[in-house]
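Assemble chain S onto chain R, guided by the hints.
So the protein lines, in turn, are chains R and S.
Count the first sequence with our numbering and you get residues 22 to 557, in order.
Count the second sequence with our numbering and you get residues 7 to 223, in order.
None of these hints come from the bench; they were simulated from the model.
It is possible that part of the hints are untrue.
[Claimed, not checked] Just a few of them, taken from the derived set where beta-carbon distance is under 8 Å, the chain R residues facing chain S:
#	residue
1	L297
2	S365
3	L368
4	K429
5	D433
6	F435
7	F438
8	M448
9	P449
10	T450
[Stated by the list, open to error] The calculated DSBU-like cross-link candidates involving lysine-lysine, where the alpha carbons are at most 30 Å apart (straight line), are:
#	chain 1	residue 1	chain 2	residue 2
11	R	K267	R	K496
12	R	K174	S	K141
13	R	K241	R	K158
14	R	K25	R	K56
15	S	K52	R	K35
16	R	K25	S	K86
17	S	K52	S	K223
18	R	K109	R	K84
19	S	K59	R	K444
20	S	K221	R	K434
21	R	K91	S	K85
22	R	K387	S	K141
23	R	K179	R	K241
Heads up, the beta-carbon is just placed ideally off N, CA and C, and yes, glycines get one too.
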Amino acid sequence: MNKKELSILSLFQKSPERELPTSEIVKLVEPDYSKVENTLTSPIKNTELIKQAKQLNAKLHRKILYYLNKLSNEGILEISREGAKGEKYFVLAVNPEEISFASQVQKSSIYVPSKSLSVSLEGYEKQGIIFRLDENKWIERINSILLDASYFKKDLNKLRRFVDMCLPFVNDVISISKCEEFLEQADQVFLMLSKMHGKCSDHDKRLSFCVDISKINNEKALLELISESHKNNWENFTMVLEVNAKDIQEHSVLFERILEMYSNNNKIIYFKNNALTDVPYLVGKSGVYTFQEHEWKDVSDDLGNDLYGLACSQSTVMIDLERFFEKMGESEEVFIEFLQKIASSLLEVNSIQRRKSEELFTNLIKLDKEKIKHFFSLSKNYIRFWNYGWKKIDFNQDYLTELIRESKRQVDKFCIFEETIYKSCGMPTRFRIAFSSAFHNYIKDKFTAPTYIRVSVGGLNDLFSEKMKQIIYIKESLFRIFDGGDVMSFHCKGETKPAELLREVSFILNSCRINLFRLKFIGRKERNLNLQSYIK
Amino acid sequence: MIIEGETIYGVWRESLKHVIENGIDFRDENSRICREVFNLNQVINKPWEDTTKCISILSRFKEWKFPPAEEIAAIMISKKLAPEYSYSYGPRLFNFQGRINQIDNFIVPLLKKNPNSRRATVVLWDHFEDVNPAKRDIPSLIMIDFKIRENRINTSAVIRSNDLFFGWSANVYQLFVLSEYVRKEIGCDRGLINTISISAHLFEDQFEFIRKILKEK
Numbered sequence: 022m023n024k025k026e027l028s029i030l031s032l033f034q035k036s037p038e039r040e041l042p043t044s045e046i047v048k049l050v051e052p053d054y055s056k057v058e059n060t061l062t063s064p065i066k067n068t069e070l071i072k073q074a075k076q077l078n079a080k081l082h083r084k085i086l087y088y089l090n091k092l093s094n095e096g097i098l099e100i101s102r103e104g105a106k107g108e109k110y111f112v113l114a115v116n117p118e119e120i121s122f123a124s125q126v127q128k129s130s131i132y133v134p135s136k137s138l139s140v141s142l143e144g145y146e147k148q149g150i151i152f153r154l155d156e157n158k159w160i161e162r163i164n165s166i167l168l169d170a171s172y173f174k175k176d177l178n179k180l181r182r183f184v185d186m187c188l189p190f191v192n193d194v195i196s197i198s199k200c201e202e203f204l205e206q207a208d209q210v211f212l213m214l215s216k217m218h219g220k221c222s223d224h225d226k227r228l229s230f231c232v233d234i235s236k237i238n239n240e241k242a243l244l245e246l247i248s249e250s251h252k253n254n255w256e257n258f259t260m261v262l263e264v265n266a267k268d269i270q271e272h273s274v275l276f277e278r279i280l281e282m283y284s285n286n287n288k289i290i291y292f293k294n295n296a297l298t299d300v301p302y303l304v305g306k307s308g309v310y311t312f313q314e315h316e317w318k319d320v321s322d323d324l325g326n327d328l329y330g331l332a333c334s335q336s337t338v339m340i341d342l343e344r345f346f347e348k349m350g351e352s353e354e355v356f357i358e359f360l361q362k363i364a365s366s367l368l369e370v371n372s373i374q375r376r377k378s379e380e381l382f383t384n385l386i387k388l389d390k391e392k393i394k395h396f397f398s399l400s401k402n403y404i405r406f407w408n409y410g411w412k413k414i415d416f417n418q419d420y421l422t423e424l425i426r427e428s429k430r431q432v433d434k435f436c437i438f439e440e441t442i443y444k445s446c447g448m449p450t451r452f453r454i455a456f457s458s459a460f461h462n463y464i465k466d467k468f469t470a471p472t473y474i475r476v477s478v479g480g481l482n483d484l485f486s487e488k489m490k491q492i493i494y495i496k497e498s499l500f501r502i503f504d505g506g507d508v509m510s511f512h513c514k515g516e517t518k519p520a521e522l523l524r525e526v527s528f529i530l531n532s533c534r535i536n537l538f539r540l541k542f543i544g545r546k547e548r549n550l551n552l553q554s555y556i557k
Numbered sequence: 007m008i009i010e011g012e013t014i015y016g017v018w019r020e021s022l023k024h025v026i027e028n029g030i031d032f033r034d035e036n037s038r039i040c041r042e043v044f045n046l047n048q049v050i051n052k053p054w055e056d057t058t059k060c061i062s063i064l065s066r067f068k069e070w071k072f073p074p075a076e077e078i079a080a081i082m083i084s085k086k087l088a089p090e091y092s093y094s095y096g097p098r099l100f101n102f103q104g105r106i107n108q109i110d111n112f113i114v115p116l117l118k119k120n121p122n123s124r125r126a127t128v129v130l131w132d133h134f135e136d137v138n139p140a141k142r143d144i145p146s147l148i149m150i151d152f153k154i155r156e157n158r159i160n161t162s163a164v165i166r167s168n169d170l171f172f173g174w175s176a177n178v179y180q181l182f183v184l185s186e187y188v189r190k191e192i193g194c195d196r197g198l199i200n201t202i203s204i205s206a207h208l209f210e211d212q213f214e215f216i217r218k219i220l221k222e223k
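If we strip away everything but chain S, and leave its shape as in the complex, we get:
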């Protein structure tokens, strides 16, 4: 299934509706009822428009406290792992296993040298850390790819498990932040963002809030 739209907000709404209507329920390992569709492909053509609108909407509810956009962005670009996080994206991108800066030392020079490269791919999955059945928290965002075509940077990501309500819009904002970082280093125009969620899901306890959002125009 492909859901394509101009803005993050538009694609988010369509995706929420799609999973609510077409998802299949199951009970996850924490006994929460989960509604899921497989391999949902979401394409945002203009991610720079209304970039943080979904985050603002999620911040309105009093039943939870959503992290500010600044914090969500910082996690993608901060090279240091705060001791309280079991992992975070920034260190995996900029300091993988404490050894490899995948962005500054690979993606940027590669695309500067050969803008048409098909190799500009980074992974966030760390076999040494994550291949452990006892480990509770492992990254959901597994791979990010950058393609420059017609001088526009297009960013694609594979998300193995995607909470469409709380997580996806934040993930797309993080991808936008990262693509902006790369774009500024390379000097090209903004492009689309494409996510492939292997398990795109919602939790039953989120349904009432999702319905409220879908009712809004």
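So that you can see chain R by itself, here it is in the shape it has in the complex:
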């Protein structure tokens, strides 16, 4: 369907009930008609110009009539009557909603709405209540991708090519699971990793490595890799050590050495408890990402090592709860309504990503055209909370936990409805929203200052304290609600010996239902008065 036909149809779309005469349609859709009008209404009468104007008018009428007749023949318009001098009048022959469809039949193109996505969220954004991850590119890019090292069969060059190709489509993190498989080729790993990290830094993205300690057979290479990353100050590189308490026992020398390196270099070390979960955790700039346990199992069983990777998250909205409660009050109803608006916007973004995926993610599709539909099979969206008050003095923790739990129920219900709708309309697609927390570094310029209480603990004994038990209990319950993954941070201070740190790690692995935790050694030396940790 050409532009002229679309212009004509847009007149009827604006006023579906109207009957329009040919002359009015000419006037409204033909820019050249103004020349005719100017000449014919001009006080200066020039016979030659009037003649030319009448000729132009007739030409424009013929042109528009051609398109009007064409649309009538196609059953989109209908001639309602003939007026004076035989002028034809037209009305719509289809429902107004069908106009777009009619134009699509001609074009065989995919419908994309033009409505601005941020309309319903703009007000909240202006007030600093919410923040969209990579707001300018939040349709064009997805948040996080997990690549499976075993797919690449130790071909590091291939892996690097895939990382390079994925980078333009990601706005937070590319994570690589089962990296222990690469560690056998120590020299190449450093080189490749260095290149990959360089590329990720250029794009301001994170590169996250998951290493299963129980499967490692080159401890030296792991230590060298950590050393290299510290020496070269790879700010955008994160390693997640996947362990359980038994691994800690069996590789105690290795772990003491690792902890010493992280401690000496004031870095952050991540541990994933393999006894609690098989699912990989991706550490991004804005927070952590993960998959649902049962879904992960299904996909792993079904696809094995045949799939190069999976999209983990598509779009993220972050919420400053402190500012929300301050500006909007603490009503549950208002909060849930607000989350529904966010869910609705996320749905819209996903919908556009789906429809435009061929052009948006061309290179991703090229990586493996056959498997691309599996690539999005576990993807979801994130709502990340900031300053959600769980460590504030005098804060009613039960109220907050229940509020988040109830809002999660409502958001899940919305997602189930959407999946049912899309499935029943013959376009089965996935739409899920996960909850998680936001990292301070990412939102510090946008949201309210952190309102944490620093919990002082001194070594292993403090992990046994009543206060710590309470905090861990609350965090465990939040872990259950934050289905998008969460992390508990232990900020270590003082000159704790590696053996003591290792006992702390063992205790957490053995006693807490916390899937992912990190020890932060940053700023340890400045506050070296007590052996204390604080929990963020």
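Just chain S now, with coordinates in the frame of chain R:
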């Protein structure tokens, strides 16, 4: 059971009422309570009237966001499979297994040559793709048939599993869109649409909204 009416909306209302009153409850594989009747036959004599009324009604609720009619239609006529869909109707009709255009290369020439043909049937079920117990999403709309009688195109469809509340009116609109496509190619008049839903069902969490719709005049 046959429910027949002039418009999609009229038949929809009657069908919702029928399943609410006569359906039998069971719990499906996702633990949702489902109310079902078997082999519901719905006939719409004038599907071109108020074609998108049900979609407009479903779009009014704030508890969900219903896709616009344009998107619902596009899925039926778009030959390309968007990577995020595990399947969609358009590619199955116009590019089955990447090899067969069932509409342009079979239905249209067949009916042009022999308008009274009884063979104008297309299938959306793909044995190679769908016969897999591990597969989560498989088409519900299984077969579509076109019969031209008295110069009118009549479209029949078999739907193996039909969510009457969210899905059926969209499916009928899609069938209308497809029949319009075929009709324009052949040059005949509009006819009825007939759907046979082997499992016509509603979910318990939809009941409150269905009751609201049934209360409206």
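Hints versus structure:
no.	hint	verdict
1	L297	25 Å, violated
2	S365	6 Å, holds
3	L368	6 Å, holds
4	K429	16 Å, violated
5	D433	12 Å, violated
6	F435	6 Å, holds
7	F438	4 Å, holds
8	M448	5 Å, holds
9	P449	4 Å, holds
10	T450	5 Å, holds
11	R:K267 to R:K496	24 Å, holds
12	R:K174 to S:K141	27 Å, holds
13	R:K241 to R:K158	41 Å, violated
14	R:K25 to R:K56	18 Å, holds
15	S:K52 to R:K35	26 Å, holds
16	R:K25 to S:K86	27 Å, holds
17	S:K52 to S:K223	20 Å, holds
18	R:K109 to R:K84	14 Å, holds
19	S:K59 to R:K444	20 Å, holds
20	S:K221 to R:K434	24 Å, holds
21	R:K91 to S:K85	25 Å, holds
22	R:K387 to S:K141	24 Å, holds
23	R:K179 to R:K241	24 Å, holds
Comparing the model with each numbered hint stated earlier shows that hints 1, 4, 5 and 13 do not hold.
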